[in-house]
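Q: Start from the sequences, fold in the hints, and give me the full structure.
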Amino acid sequence: MAKVKVATCWLDCCSGCHMSFLDIDEAIIDIAKQVEFTASPITDIKEFTPVDVGIIEGAVSNVHDEEVAKNMRANCKILMVWGDCACFGGICAMRNLFSKEDVLRRYYIETESTIKGKIPSSEDIPALLDQVKPVNQVVKVDCYVPGCPPTSKAILYALTELLQGRIPVLPSEMMRFD
Amino acid sequence: MKEITLTIDGKSLSGKEGDTVLEICQANGIDVPTLCHLDGLSDVGACRMCVVEIERERRPIPACTYPARDGLVVKTSTETLEKYRRLMLELIFTEHNHFCMFCEQSGDCELQRLAYRYQMDNVRLPYTFPSLPVDSISDYLVMDHNRCVLCGRCVRVCSEVVANHTLDFGRRGWKTIISADLEQPLGESSCISCGACMQACPTGAIFGKLSAYKGKESECQATRTVCPSCSIGCELEVFTRDNNLVKIQGAKFTELRGQLCQEGRFKLLAENRPRIITPLVRDGQGDLTEHTLSQTLDIVAENVRRRKGNFAGLVSAKCPNESISYFCKFMHEVIGSNWVDTLDGESYRVISTGIENFKDGARGLDIECSLEETLEADCILVVGTDLVETHPVAGSFIRKAAQGGAKLVVVDSVRNAFAPWADLWLKPERGMEGALIKGLATTISKGGTETLAATTGVGPEELQQIVAIYGKAQRAVIVYGNGILEHKDTSVITAILNLAASVGSYVGDKLRVISLKPRANSRGAWETGAASKQRFSLAGMKGVYVLLGDDVMEDEKQLSELKGVDFLVVQTSYYSPLTSMAHVVIPSPIWAEREGTYVSLDGRRQQAQRVLSAKKGLKSDEEILRELSFKLGRKLS
Chain A
0 MAKVKVATCW LDCCSGCHMS FLDIDEAIID IAKQVEFTAS PITDIKEFTP VDVGIIEGAV
60 SNVHDEEVAK NMRANCKILM VWGDCACFGG ICAMRNLFSK EDVLRRYYIE TESTIKGKIP
120 SSEDIPALLD QVKPVNQVVK VDCYVPGCPP TSKAILYALT ELLQGRIPVL PSEMMRFD
Chain B
0 MKEITLTIDG KSLSGKEGDT VLEICQANGI DVPTLCHLDG LSDVGACRMC VVEIERERRP
60 IPACTYPARD GLVVKTSTET LEKYRRLMLE LIFTEHNHFC MFCEQSGDCE LQRLAYRYQM
120 DNVRLPYTFP SLPVDSISDY LVMDHNRCVL CGRCVRVCSE VVANHTLDFG RRGWKTIISA
180 DLEQPLGESS CISCGACMQA CPTGAIFGKL SAYKGKESEC QATRTVCPSC SIGCELEVFT
240 RDNNLVKIQG AKFTELRGQL CQEGRFKLLA ENRPRIITPL VRDGQGDLTE HTLSQTLDIV
300 AENVRRRKGN FAGLVSAKCP NESISYFCKF MHEVIGSNWV DTLDGESYRV ISTGIENFKD
360 GARGLDIECS LEETLEADCI LVVGTDLVET HPVAGSFIRK AAQGGAKLVV VDSVRNAFAP
420 WADLWLKPER GMEGALIKGL ATTISKGGTE TLAATTGVGP EELQQIVAIY GKAQRAVIVY
480 GNGILEHKDT SVITAILNLA ASVGSYVGDK LRVISLKPRA NSRGAWETGA ASKQRFSLAG
540 MKGVYVLLGD DVMEDEKQLS ELKGVDFLVV QTSYYSPLTS MAHVVIPSPI WAEREGTYVS
600 LDGRRQQAQR VLSAKKGLKS DEEILRELSF KLGRKLS
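Read top to bottom, the protein sequences are chains A and B. Sequential numbering from 0 applies to the first sequence in numbering that gives the first Met the number 0. Sequential numbering from 0 applies to the second sequence in numbering that gives the first Met the number 0.
Output of the computed footprint for chain B on chain A, the stretches with three or more beta carbons under 8 Å from beta carbons of chain B:
#1 93 to 102
#2 129 to 141
#3 144 to 151
#4 157 to 170
Computed cross-link-like contacts, DSBU-like style, restricted to lysine-lysine with a CA-CA straight-line distance of at most 30 Å:
#5 B:K618 x B:K213
#6 B:K82 x A:K76
#7 B:K174 x A:K99
#8 A:K139 x B:K82
Note that these hints are calculated values from the structure, not bench results. By construction, the Cβ of each residue, glycine as well, lies at the ideal position given by its N, Cα and C atoms.
A: Written as structure tokens, this is what we have:
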């Protein structure tokens, strides 16, 4: 049987969801038998090619994130998102309580350890969006695994469901927001 | 009440007229999700989680506010309802700023639990990200408006149970926030830090600083016991983890008798006096040095033998009946001394002599009524006590009664935080409270306020008002406290009883009078006979044995008398001015490490449970006294 092609990426996040995925211990052997990872931080391949399942960790915070999310969506049949940032905005979305300008000034100029700070500006640096968004406000999402990070058990459950041809919905007892 | 029958989820169920649909569901084990509902408080239908479908109603209706009727047909769990509930949750989550990952309440949060139940793995609406304040000025509480769902449980518990009305909704529409007074920080508002709002809060919007991040309820052990702070005897639910205190809640906090005050809920957790864990004996240089318990008790035994008989015992009424009785027995049978008293013996002598001199005073403290009588009262006289400071839960009873229509009169010569609640505040000159009480009975029966006004300094108009209020009352309750007791004038106590009797304020064979005893088990200690009938001077004693426990000796006179004592043994949990003058200090358990019987100010006998296991090597007061008796050649059972 042909392996299921999976691509993953991370946007504005801490990579904790991917770590949690790697924490599925010996179950990863079974997964690896059935799945081929194409573009992913794990394979370090950046270019998306068409896949069966796309996985996004992280919130959409800048124009680059937006681009990557759209690119992933265009290349996958089913899009799953991991973690509170991707599902709801999470920690990243806390910057929405302040203006973009205030956040940049605080970070690059006012932090106590900064001397003569400067807000970087270059067209190579992706511009911040006014508001951090969960992925479903940018592209259509098919399934969600919340958690900060999601437990490896929840990630494994979602992957197993997908491999068995079902769109996963976490049962209540597996739901975690922390 | 009329029986009604209705159909819920296809089952025929019965209830009483006046029940809400939610009440009938809950009574019959039908699980309807709720968020703004809290047993014991009124219902407002704020959260819409409990929506149900009712035949012939056009739209889903909150079950918590819908009065059940005969013949109703109700559905509590349909696809439409579940869809609505999930949408309600999404609306709540987008309205304010909810971030579970660092929230103190995560794991104990009712909102989070509902989101899990409804598998809310994404939100289909845009978030609003409002800019909201966090108020952390209060000593004990943090109010984080970001996490508030505006269910109003805090507002209702503050008004309906605590009757303090600090919290309310402020602003309008989607800008609504919970406001203390007129948007004051909690710590600068009329808040009395009872913490009921914190216990009522379903989310992490109001949480306690002392308990934050110390453990989720599921990781803790919960033990019910009696509050050791004042003499009301509130029931505590104490959460512990790895033998450490985590948090304290009111066992039935939406009932008047179940609530707590800042002493019980917070100050017990904030305890920071240095603990005594090894026995200490004063050496030749005058320093306290560590000894084993056996060595220490040998030294005590030898000194007791040398001072045969002339040895007094003092016991704290914060100890349970069992320890107190054991101590008395030890003093009588082993030491052979009749000089035993409680730390608050003076209050006992004032109250009991005052009662004895009253015409039916033979019944002693039994002549006083229960705190619940205040709720039936049409007039309450609060004399010589600041209830906000000393007995805050009694304050709630009385505020509740006053809000129900009872006239509230405060008699106190000094600044009194409870007085603003009163209809009338009589402010006699310092020390004239007694004269005022004595004069009132005469004035009520014979009229004429001028002389009384001249002697007490209370204006004649105010005196006319009190005569009008108290003289007319049918069920007037008098509550008095330390402001009266500190003058040690027993005739004032008799006058209080006479005043109540003069207007016939009896309930059964009890007079509507309550004395506020100073300590958690004062009444128990007094009734077991631990308090001495006659005052005796400690200064003349050759030796004094004080069982202090975790109590504090604050009475300057007692302290100065003990200073001159030849041999002073103090059994206590903490270093204090008393241990600095003691010759021998023996460690004693704190409240949480004890168990036993406590008697509240109005005579309720309650069992305190042990919450923490004693620190390693620490013995109970009884074990220590038993061992000491053995060294003195006596066997104490």
